[in-house]
Every structure is written in structure tokens, then in C-alpha cells.
Amino acid sequence: MQNTLYLASGSPRRWQLLQELGLNLIKVSAEIDETPFADEPAQRYVLRMAQQKNQRALQVLGKTPEFPLLTADTTVALQQQIIGKPESEQDAAAILKRLSGSTHQVLTAVCVHWQGQTHSVLQTSEVTFSQLTDEQIWAYIATGEPMDKAGAFAIQGFGSLFVRHISGSFSGIMGLPIYETGELLINKCGLTNPLLAAQHAR
Numbered sequence: 000m001q002n003t004l005y006l007a008s009g010s011p012r013r014w015q016l017l018q019e020l021g022l023n024l025i026k027v028s029a030e031i032d033e034t035p036f037a038d039e040p041a042q043r044y045v046l047r048m049a050q051q052k053n054q055r056a057l058q059v060l061g062k063t064p065e066f067p068l069l070t071a072d073t074t075v076a077l078q079q080q081i082i083g084k085p086e087s088e089q090d091a092a093a094i095l096k097r098l099s100g101s102t103h104q105v106l107t108a109v110c111v112h113w114q115g116q117t118h119s120v121l122q123t124s125e126v127t128f129s130q131l132t133d134e135q136i137w138a139y140i141a142t143g144e145p146m147d148k149a150g151a152f153a154i155q156g157f158g159s160l161f162v163r164h165i166s167g168s169f170s171g172i173m174g175l176p177i178y179e180t181g182e183l184l185i186n187k188c189g190l191t192n193p194l195l196a197a198q199h200a201r
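What the sequence shown shows, in numbering that gives the first Met the number 0, is residues 0 to 201, in sequence order.
In short, the hints are calculated from the structure, not lab data.
Label pairs and their in silico Cβ distance ranges:
hint, residue 1, residue 2, range
1, GLN54, GLY100, 38 to 44 Å
2, GLY9, GLN42, 19 to 25 Å
3, SER101, PRO11, 24 to 30 Å
4, GLU65, GLY9, 20 to 26 Å
5, THR191, GLN130, 46 to 52 Å
The beta carbon of each residue, even a glycine, is placed where N, CA and C say it ideally should be.
With the hints as extra help, turn the sequences into a complete structure.
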């Protein structure tokens with residue numbers, strides 16, 4: 000029964016989402032340079048990141064993977080501009096002010112490698128924020144939650160208080176679109192997890 004994955008991600012949200020499906024996870028390191036190229040579109044950037052993480056994790060393993068290898072990357076884009084993780088509290092405040100009262104995109108790319116083949120999928124959601132006051136922004140920053148998140152917010156945490164509307168995948172906004180990931184794992188990697196198999200039965 001194929002129910003084990005190599006997961007090259009430090010994101011607690013991705014680990015949580017996959018473990019809740021009953022998958023066995025083996026951690027692999029995949030440190031890469033995540034600097035966007037000049038004028039790189041968000042869609043191309045996030046796919047490149049997920050694929051380069053996968054390539055790096057394969058190098059770290061140093062052998063043909065015994066199990067499927069999964070990597071992912073999430074970024075936020077507003078008016079075609081990539082918004083990464085804040086570098087400081089002041090940067091987080093500036094990001095949140097930009098997102099205030101606007102609709103932005105959250106893009107998550109997932110990449111799997113299995114039996115010599117690599118497959119990727121991109122999921123894009125839209126998130127609309129309410130108008131935020133400076134007091135709200137700094138109270139949120141004081142929780143520490145924005146500091147390691149693309150777009151300086153976490154929809155599964157206190158950041159949900161600012162979200163008026165979403166269109167797309169809630170789990171994708173968290174960092175791993177479960178439906179699309181399930182399609183890859185079932186159709187490309189032959190996983191036999193019953194929860195995923197039931198969802199993607201043909």
C-alpha cells in the first residue's frame with residue numbers, strides 16, 4: 000500500500016494537511032534561493048520555486064526516491080506584483096496596508112516526483128480584505144503571526160478576521176490545495192489513501 004511521501008517543506012500547515020489525510024511523511028531538506036527574477040510573473044515564479052525545491056530535494060536524497068517526493072510553494076500577488084514574506088515588522092505593516100480593502104491572489108504550486116517523472120500543478124485563489132486600521136494592523140503584527148507568511152497573513156489564524164471573501168481553495172490559501180494535490184498523488188504517484196481515492200474516483 001503506497002501511503003508514504005517524502006515532503007520537502009518546513010511549513011507546519013502543509014505537514015498538518017497531509018498528516019490529517021493519514022499519510023506517512025518523511026522530511027527532506029530543500030533550501031534554495033527564493034529571490035524572484037526581475038519582472039517575473041507570479042505564476043511562473045511560484046512554479047519555478049516548487050520545481051527547484053523538488054530538484055534540490057532529489058539532490059539531497061542522493062538516490063532514486065523510494066517514495067513520491069512532494070514540494071510546494073505559495074506566494075501572494077497584488078496587481079501582478081509578487082508579495083513575499085515580510086523582512087521586518089515595518090515591512091509587514093506596509094504589506095498589510097497594501098492588501099487592505101483590496102482583492103489579491105494567492106498562488107500555490109505543487110510539484111511531485113515519482114519514478115523518474117515530475118509533475119506540477121498551480122492553484123490560484125482570490126482573497127478580499129476588509130479595510131484595516133493602523134490599530135488592527137499593529138495588533139495583528141504583535142501576535143507574531145504575519146512574520147513568516149507570504150503576504151504577511153495566515154488565513155487559518157488571526158488573519159481570517161480581515162478576510163471578507165475568498166474564491167478558490169481554502170487549503171490552497173493555507174499552502175497546499177488538497178484537491179489538486181490529491182489528483183497528483185492518486186493519478187501520477189499511485190497513492191492508495193482511501194480519503195483521496197474516494198474524492199478522485201473516476
